[in-house]
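Chains as they are written, first to last, in the working numbering: chain A, 1 to 432; chain B, 1 to 576; chain C, 1 to 431.
FYI, nobody ran anything at the bench for these hints, they're computed from the structure. Since we're looking at a predicted model, the values are computed, not measured. Any given hint could be a false lead.
To be verified - In the BS3-like style, the derived pairs of lysine-lysine whose C-alpha atoms are separated by at most 25 Å in a straight line are:
| no. | chain 1 | residue 1 | chain 2 | residue 2 |
| --- | --- | --- | --- | --- |
| 1 | C | 417 | A | 329 |
| 2 | C | 301 | A | 425 |
| 3 | C | 54 | C | 363 |
| 4 | C | 363 | C | 378 |
| 5 | C | 206 | C | 243 |
| 6 | A | 294 | A | 329 |
Claimed, not checked - Computed far set for chain A versus chain C, every beta-carbon distance over 10 Å:
| no. | residue |
| --- | --- |
| 7 | 34 |
| 8 | 35 |
| 9 | 59 |
| 10 | 68 |
| 11 | 75 |
| 12 | 172 |
| 13 | 199 |
| 14 | 211 |
| 15 | 230 |
| 16 | 234 |
| 17 | 248 |
| 18 | 329 |
| 19 | 359 |
| 20 | 376 |
Every residue gets a Cβ at the ideal spot worked out from N, C-alpha and C, and that includes glycine.
One-letter residues, chain by chain:
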Amino acid sequence: MSRLNGVEGVAAALALVIATAAPANAQPTVGEAGTFLIRGGTVVPVAGERLENASVLIRDGRIAEVGTNVSAPADAIVIDATGKFVYPGLIDSYTPLGLSEIGGINTMNLRSEIGDFNPHNRAIVALNMDSEMMGVTRANGVTNVLTTPSSGIISGQAALINTSGWTWEDIAVKATAAFVINYPREPSFRFGPPPDAAQSRTAQQRVAEDLRALRTVLSKARQYESARAAGAALTEHEYEALRPLVRGEIPAIVSADTEEQIRGALALADTFGIRIILHGAGDAWKVAELLAEKNVPVVLGSIQSTPDDDEPYDAIYAAPGVLERAGVKFAFSTGSGSNSRDVPYHAALAVAYGLPADAALRALTLSPAEIFGVANEIGSIEVDKLANLFVATGDPLDVRTQVTDVFIKGRHVPSDDRHNRLYEKYNTRPRR
Amino acid sequence: MIRSALCAMLAAVATLAQPVQAQPGIEPIQTYALTNARIVVAPGNVIESGTVVLRDGRIVAVGANVDAPADAVTLDLAGSTVYPGLIDAAATTGLPSVTRATRGPQGGPPGSFQQARQASEPPPRPPEIRPDLLAADVFEPQDDELERWRATGVTTLGLAFDGGIFPGQTAAVSVVPGEHGTYALRTPVSLQVLLGRRRGGYPGTLMGSLAFIRQAFHDAQHAIHVEEAFARDAASAPRPSYAPEHRALAPAVGGALPVWIHASAERDIGRAIELATDVGVENYVIVGAQEGYRSVDALRGVNRPLIVSLDWPRPDAVTGRAYEMHIAPIDGEDEAGAEADSAAALTLRNNAAALTGAGLRVALSGYGLDGPSQFRTHLLAAVEAGLSPEDALRALTVTPAELLGLDALVGTIENGKLANVVVVEGDLFDEDGKIRQVFVEGRRYEIPDEPPRAQRRAAAGDAATVDGEWTGSIEMAGTMMPFTLTLAEQDGQLSGEISSEMGATALAGERTGDQIVLEGTFAPPGMNAMALSITGQIRADELEGTITVQGQAPIAFSARRRTPGSARMMREGGRP
Amino acid sequence: MRSRFVAGACLLGLVLAAAPANVAAQDVAIRNATILTITNGTIENGTIVVREGKIAAVGADVDVPAGARVIDGTGMYVMPGIIDAHSHMAIEGGINEGSESITPEVVIPVRADDPTIYRALAGGVTSALLLHGSANTVGGQAAVIKMRWGKDSDGLMFEGAPRFVKFALGENVTRASSNASDDERRYPKSRMGVEQLLRDWFTRGKEYEAEWQAYEAGGNNGVPPRTNLRLQALVDIMNGDIKVQAHSYRGDEILMLMRVAEDFGFRIFTFQHVLEGYKVADELAEHGAMASTFADFWGYKVEAFDAIPFNMAIMADRGVVVSVNSDSGERVRRLYQEAAMGMKYGGMSENQALEMITLNPAKQIGMESRIGSIEVGKDADFAIFNGHPFAPASRVEKTLVDGEIYFDRDEATTLEKLLQSRTRTTTEDRQ
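This is chain A alone, in the form it adopts within the complex:
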């Protein structure tokens, strides 16, 4: 949670402490459980019209009631939301959060495994619940992320998680949300001299080899599934892990940027009958109609990026608007652990360059929930969904907005993240 300055801030902090002091089982970091009534604010459910002067009742970790006439049960802790807004928790759809802390330190960055094909590796079992980055992320209302292993061609299984919880079992919304695939590509030469003809050819050959290898793996995965379905014994864990993919139950999230790579990914999906989500997809705007036709959703890469010199200066900012107009379902991602909390500001840039505001909010909430198959649990403020939501002084895409209360799985998350702690310490240093 972001703080107000000086006296106001201290008063607000005290108010929060008093308001939440009642239950005896106050838990730092994970947040206290209980019954909460968020009262009298503007509720933006995303799945419907916004409700003025409305309230949300949270019980047993879920949204129990939403409306203008919700009454508080006796044991409810009341959060006054007068003049404020209530939003569904935001979702960052591609991050290393929890897997990797400081990227440059090897021991803090165990996000990738040896070998090109690790479909059986699961991100969910390797997450640090006390990651400082996770702490500051939830403080800005980002209640869910897709955390992804990296490197290789099939990196492993990405997990859709809450950004607060006791154990990885506790935070998992969907332990295996998608298989992470990196579409083979030539290495980027941005920082060195351009490759000569020989280097280019080598790089192209390498790409062709990787692509053949990927097709071979997918082909074998299909054969393996057929055999197992017919009664054969489990023989290989990698192919065992891929069975939900080939059966179409779990999608693959494929990182592909250029039009060529995107078309290649689509061809893979067609050939092998798998569902894919595109990630990155810098050139998606070039093939928006095709994506809409094939119903392939897109997790956009960081909007805080620069286009190539021969692209329009606003190519990356305006691309989401193009996808929206073409009817493509998409979501935003930061690709960052430390700055996952900024995902709404990525969306804000898109709004400035042509994406309607409500479409931007949807791409931060309900769309990713649908894309990852967890829309029954999160993504909007609707009865029976998990109580993943936050109270704020304004539009979450507005940098100036303060997030005052965050709920994850119905627990009221305290504002004791690293940044608030250091702020408390040094803001109260006696002056010289």
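Model the placement of chains B and C on the given structure of chain A, informed by the hints.
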């Protein structure tokens, strides 16, 4: 002894009225009378029909009414033109490469604090920083290289190193093999300075090099002051430094030794001028100046001579292209981009003409090109772009002779000068002109007919023919599949087909320079039609490229031409 | 056929974007806009008149001179052109002379045709401080430029700007992530070594200065000492002729550098990054150093792990002049978004937050007399937004430098226009 006997025998053979076969090695010096020739004595000074007499390696007579001496080998050059031998003032031939040298000793010794303190002292002598090294001392050319120079009509070379910061001092040599000492015409000619980098030490950036060069001149100036003080009163003066770097730079500081500063792009030309002004060097020449056309005012302001290189940068990398904010079209050909590239390429080729037109003193050079093979092609391109033949000739004779300090010896066909002349059938600056004979210091070399056009263009790295049948194989569905690609070209447009065991596909496309692009529709039996595209690059009889089938990743391939190019040869019209 | 329209559109962009602009001969007036002056509050429905590249008048009731080129500011917000006090754009030939650790004699060479300049203009930036990298304890001298896209490197230079030099502390300088053996490494390897290297070199600088003073007083037998550009630069630093911009992270190293400077008689002009500035904010204010930092970027290195987004507010609260910078070709496009974080984290006022990308960085590049606010007499450098710069839906519509429009979204090739041209040609093909 045996050698001179051999020479005598060859001389005897030569006096028979049979053409002497071109041979590598040293040709004998004889007395020649070149008669009935059109003689270009100097730019703008032409004798329509006359005689030149060469004796003992010198020009001894030239004129319309000169008689051939009795003892001369008389050559009837009716229909030919005799030019002064050409001069490339900045060639890297025969010198050790600085850019490809193994890394010199690491700069700045590591480790202790005391050693860190000393890190700012000049590091031990890496190849990039050896201002005292004389090019003449390390000149070791290959015979065939010199032969190729002669084939372009060049009879005098200025030797310059290919990189570094202070790689050494330039020299001038004649284009004949032999111990370098004998054929060196002048050493040193100039102090060479480039805005280069030192690998593995200071300076490793452009800004570092600029500071380093300034400091080097300060150091040289200081060394001079100290020596003068020492000469006045040894007892009280500090001890002079006899470091080779200081000795090398001292004459440059004084102005006695010209400084050649390399600068290609507009901003580097500006930096070179600023640098020279800053360190008080007035006697300097700018080498390269490929973007000189953008700096005409600044260059006229300082009015220093230029050695203009024919090694043009890529048209999409010239200064100012970025301001065009070119946005690539989403699909289809990038016509606007290609047009802009062509326009920029034309402007670059016209650079020398722009500079001579602005009244600047220009010498032309192939510095940066891959040796003499590209020199003539680029020279002709410059002439076609607008450089007048007379200005071109001046830039290859009189002006470089002056810049090399050799105007008394070479550059024109005048009595007393070295017997360096070029005999051309046709016009020297016309692409149909053929250089038939070259005399270097009185030695005669016959220039053989050009090798087959395809090979020559391959050596020139320029446009190539497409016509023919190309065979190769590509990996498809896990196996190697042979194919045959048959192509024909007309006016830049290509047509043909690719056939394999999967059937034949008609192709259409075009060629730009040595790049080809082809498209067709591939319909293997029992499958849907797919778009097929082929891009490739031709070098002589090799074609390398990629085949892309719709929706798939490109597959690399290489193919060889089975038969030589068809009789209908392409003109060299494919220059970028 | 297909790309002819695109070519036409490009030519249009070419004609207008590439016209090398001089200081406006024509008067310019921006009418009826919300003007964020920074120093004199906000003017609703205000007008700015520009003459010869300078602000001639600003107010709610200002007359527009005849013949002026009028920019309709209805619904628009005009703020001073944004100033980026830490950039590595437009630098040629390498940003780090990392071969040795003390190299103040080198000077950043500017490369004018870097498209980052154009993209910065599209983000409302009109001036920038181009700095040497952070590989050296004492790096090279900076260049201060205005985003006069289309001019050559001389034309970009911000005339009258002071000389600056880059210092660096911490992990980059000590090559902390290197696994090379000591034999292959360069001193210093630790923060302790950084301090001693500085003290040693500044001592040598003092000695060099004394040598020259002795010579000028008639000594040394009339032989001038060897001119040493490196030591001369150190002398210039100690005399304040070259001002110091110091890359720093940790509170301890920030304090160390201030004490070293004080010992040698000079001040650190501005600390860069200074992510732990909040821990030593009082000391910074006392020393007189300014701070140019990130809004909420953190955690990418160990020394950035204590960075907090409240850094700006805490330092400002304790009297330090604070700006936010980009240190990247990406962040430079949205510095207005970064500045707004001052309001979110620590409750800065709107004007305080705006100062962080206008008046404060103007001070940090020594040009506050010319830029950083909309006042009569200052340069006509403006960023015109279609909404309040801090509002989520806002973007830059036009950017002016010296009264000349260097970026105009109406003329720029945007993604929308590119797509429209394709649609149109597809229709043509069908017909």
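Hint-by-hint comparison with the structure:
Distance restraint check for residue 417 of chain C and residue 329 of chain A: the Cα-Cα separation of roughly 23 Å lies within the 25 Å cut-off, and the hinted pair is therefore satisfied. With a C-alpha separation of about 22 Å, the suggested pairing of residue 301 of chain C with residue 425 of chain A holds against the 25 Å cut-off. For the given pair, residue 54 of chain C sits about 19 Å from residue 363 of chain C by alpha-carbon distance, which is consistent with the 25 Å threshold. Annotation: proposed proximity of residue 363 of chain C to residue 378 of chain C holds, straight-line Cα distance about 14 Å (limit 25 Å).
Among the hinted pairs, residue 206 of chain C with residue 243 of chain C is consistent with the structure: their alpha-carbon atoms are about 17 Å apart, no more than 25 Å. With a C-alpha separation of about 11 Å, the suggested pairing of residue 294 of chain A with residue 329 of chain A holds against the 25 Å cut-off. No Cβ of chain C approaches the Cβ of residue 34 of chain A within 10 Å, the least distance being about 28 Å, so the stated non-interface status holds. For residue 35 of chain A, the condition that its CB be more than 10 Å from all CB atoms of chain C holds, with the nearest at approximately 30 Å.
Non-interface call for residue 59 of chain A relative to chain C: holds, since the shortest CB-CB distance, roughly 31 Å, exceeds 10 Å. Annotated as non-interface, residue 68 of chain A keeps its C-beta farther than 10 Å from every C-beta of chain C; the closest such distance is 27 Å. Distance check for residue 75 of chain A against chain C: the nearest CB is about 34 Å away, which clears 10 Å, and the non-interface claim stands. For residue 172 of chain A, the requirement that its beta carbon stay farther than 10 Å from each beta carbon of chain C is met, with the minimum near 24 Å.
For residue 199 of chain A, the condition that its CB be more than 10 Å from all CB atoms of chain C holds, with the nearest at approximately 22 Å. The claim that residue 211 of chain A lies off the interface holds: its Cβ sits roughly 29 Å from the closest Cβ of chain C, which is beyond the 10 Å cut-off. In this structure residue 230 of chain A is separated from chain C by more than 10 Å, as the shortest Cβ-Cβ distance comes to about 49 Å. Non-interface status of residue 234 of chain A relative to chain C is upheld: no Cβ of that chain comes within 10 Å, the nearest being about 41 Å off.
The beta carbon of residue 248 of chain A sits about 33 Å from the closest Cβ of chain C, which is more than 10 Å, so the claim that it is off the interface holds. With a closest Cβ-Cβ approach of about 20 Å to chain C, residue 329 of chain A is found to remain outside the 10 Å limit, as its non-interface label requires. Consistency note on residue 359 of chain A: stated as away from chain C, and its beta-carbon is indeed over 10 Å from all of that chain's, at 12 Å minimum. Non-interface call for residue 376 of chain A relative to chain C: holds, since the shortest CB-CB distance, roughly 30 Å, exceeds 10 Å.
The structure is consistent with each of the numbered hints, conforming to all of them.
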